[in-house]
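Participant: This is what each chain is made of:
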Amino acid sequence: MGLEKLKELDPIYQKPYDPTLAEKLYNPERPMENRITDIGPPYFWQFMPPIVQKNFGKWKSHVIIQPGVIKRVSETGDTIYVVRCGTPRLETTDYIREICEIADKYCDGYVRWTTRNNVEFVVDSEEKLRGLLEDLKNRKHPNGSYKFPIGGTGAGVSNIVHTQGWIHCHTPAIDASGIVKALMDELFEYFGSHKLPAKTKLALACCLNMCGAVHCSDIAIVGIHRKPPFVEDERLEHVCEIPLAIASCPLGAIRPATVEIDGKKKKTVRVNVERCMFCGNCYTMCPAMPLADGEGDCITIVVGGKVSNRITPPAFSRVVLSGIPNEPPRWPTTVKWVKHILEVYSKYAKKYERIGTWIKRIGWERFFELADIPFTEKTIDDYRLAYVSYRTTTQFKFTKHVKTKLEEYYIKK
Amino acid sequence: MSEIKKHDTPMVDELKKGPWPSFVDDIYTYAEKHKKQACFDIMGLLELSYIHKETHWKHGGIVGVFGYGGGVIGRYCDQQEKFPAIWAFHTLRVHQTGAKWYHTSALRKLCDMWDHRGSGIVNFHGSTGDIILLGTVTEQLEPIFFDLTHQLNWDLGGSGSNMRTPACCMGYSLCEWCLYDVQEMDYELSMAFQDELHRPAFPYKFKLKFSGCPLDCVAAVARADLSFIGIWRDNIRIDQEAVRAYVNGELPPNSGAFSDRDWGPFDIKKEVIDFCPTQCMYWDEKEQKLYINDQECNKCMHCIAVMPEALKPGTDTGVCILIGSKSVILEGAQLSTVLVPFIKTEPPYDEIKELVYKIWDHWMEVGKMRERVGELIQRIGLNRYLIDVLGIEPIPQHILMPRVDPYIFWREEEVPGGWTRDIVEFRKRHPA
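These protein sequence lines are chains A and U, in that order. FYI, our numbering numbers position 165 of the first sequence as 165, with every residue one higher than the one before it. FYI, our numbering numbers position 275 of the second sequence as 275, with every residue one higher than the one before it.
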């Protein structure tokens, strides 16, 4: 079970890493020998700087003295400066070592990360702050990108919470780190400034599994499959449990089947493609039902979600654009739309309004008009609880979508 | 050392451009310096995905460390001949610390270990919260686990159908709005549930997240099966002097969060009073005094965030426990719903552990495969869940509004005379 709740830094970290130790301790013949289990993570207290330990729970107030720099004052009279930097999340140990080098130089070796993949350096004097900021600005990758862009605070765009994408996942429709890089390059000025009406949280999920709170983000990108799964009849019964594959479909579109291949009967399944919504659950349960397709997979943009209870309750993001082409390596259409939505919001929203609160005030019809987003049937919900999203009132606005003659409402052939 | 094989990656190289930190530059720099074939291969494989617009990672691969059912995700490449150094490229989830604080001595040692035994590529951090070690071969899994537990006093996090690695916001360590010790509760429950974290026995994943206040920086309400959010029940503390300082433009509203745009002079009526969702505030222009009817306050924190030097949450603080959030798979996205609106709690939080076990015991018994607890509640109804499963008294805080339909599932014992009736008697009164 757990180790002692250490209040001081565990001396084990002062001992250099021994690359030969594990092979001495681990005996494949007797796997329980020398095995330590269920010790959990190191106790957090030992990893907090002494000034944070001293002022733990005693912070009085904070002020963002410039984008990315938060001055925090304690009731004990102590003051710290927290410098927030964006990171790509996908990185190497050398990048982590560089963070360590900075933390050793300015922060006595202490450092933390935020929920949104930013790294935070804490210093206790203005002099150290100046040195740190200057230092961070000058650290660049060989082709000129900043290693540690400063920002992510206040009424700006914070770092993008995202998933693995093609770098490491088996179910994605789109990449993750590449799109995030392309997007943050374009939104860079908003990361390091406070000129939006409120904070804007972006997220990306490379498939519908949505690792991370994509479904409650101000603007989020979701990778979508659009072709029903293959059914590999030859392989299916060997690699899948057929009842599980059938049960995995939320729409009951999969049924058992038997086929004959080379005179041999094989158990398999059939998909009612009319019913398939391309969620990929069947593939999660059954490797013989892949559905990724370079030609068909696309991007959906959702907007207006949040998790904070500030002013209005937490809310889901809503689909506003779908079928956007998947365009490596820089995804220009997606990047263009996200930036466009952000800037329309920035132009029209009141101070303190998040994207979702702004849209709630002006109405979705006005949002589609202002953002000049073509409204399509794809935006009308037809899954569970769809009815709650239909308009059941005459309270609507006369945007360009409203006509005067019945015939004008009919789809033009 | 065998010769390093580099791949042409013109598309991926496009991501070296631009101001945002380039993971491509980072990985290539590392690959050159450490002569790591795996890093060149992963860039080559990514290029191939950029061409095909499809992933090249195979489905699944059951690998792990002895005695654990989670913490390692098996991954195999479908281009094994072209990229032999990453034909197996398993992920390890390493349980992050509370509020993600680290000392460099621990991080450097972790890096040394990962250089030696893996690709050198990491995520700080994965979406759930863990440090992700991205890419190693099966033979290295046990040695990595032994290194972690023997040389770093560190353990793996969760994956699969188990309790996932809990996560919390920055908490008391940096934030003045934190209303309970999120880091301590995160640690305490992580330790209490080590078995559930490491040995999958659930219908599906189960997540715990801890946010210190209703601003919910860790997104507990959106992505945790059990969300813990700090809240207070007494009055907002007001420093009238500081309120006047905001009104007179001496202090920057919202801690300077709007500094790069001219929004005009601060207007307390427009920026605070009018935004209050319960309209429980009043600014007396004559008196130059702010009044709050705290009984009506719903703790949205907007006024506090706008005037942090003047307003602070109360001191009678506790935790709101909500249940059942998840993303869209399978039955659609759900936010967590209020289960226990407010409790005072202290380490070791035994009453919370008991509640968690109650939730798990029921879910493990009746939950369908891959059914999250929020979906289970939808299936059986919140009222039945509260009363029959947890024995919790229903209160108005559990709902936003009462039901529309009167299709109430009355139970026999609730109806006078029960359900057993005599049709002969009935027909005496009502001939057919």
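Worth flagging that the hints you see were computed from the coordinates, not collected in a lab. We put the beta carbon where it would ideally sit given N, CA and C, even for glycine. Treat the hints with care, since some could be wrong.
Claimed, not checked - Listed below are several chain A residues computed to face chain U (Cβ distance under 7 Å; list not exhaustive): (1) D38; (2) S125; (3) G363.
What the hints assert, rightly or not - Among chain A residues calculated to face chain U with C-beta under 7 Å, some are: (4) P88; (5) L90; (6) Y409; (7) Y410.
As the list claims (entries may be wrong) - In silico DSSO-like pairs for lysine-lysine, Cα to Cα no more than 27 Å straight-line: (8) U:K16 - A:K351; (9) U:K299 - A:K339; (10) U:K16 - A:K336; (11) U:K5 - U:K33; (12) U:K299 - A:K360.
Participant: What hint numbers does the structure not satisfy?
Facilitator: 2, 3, 6, 7, 8, 9
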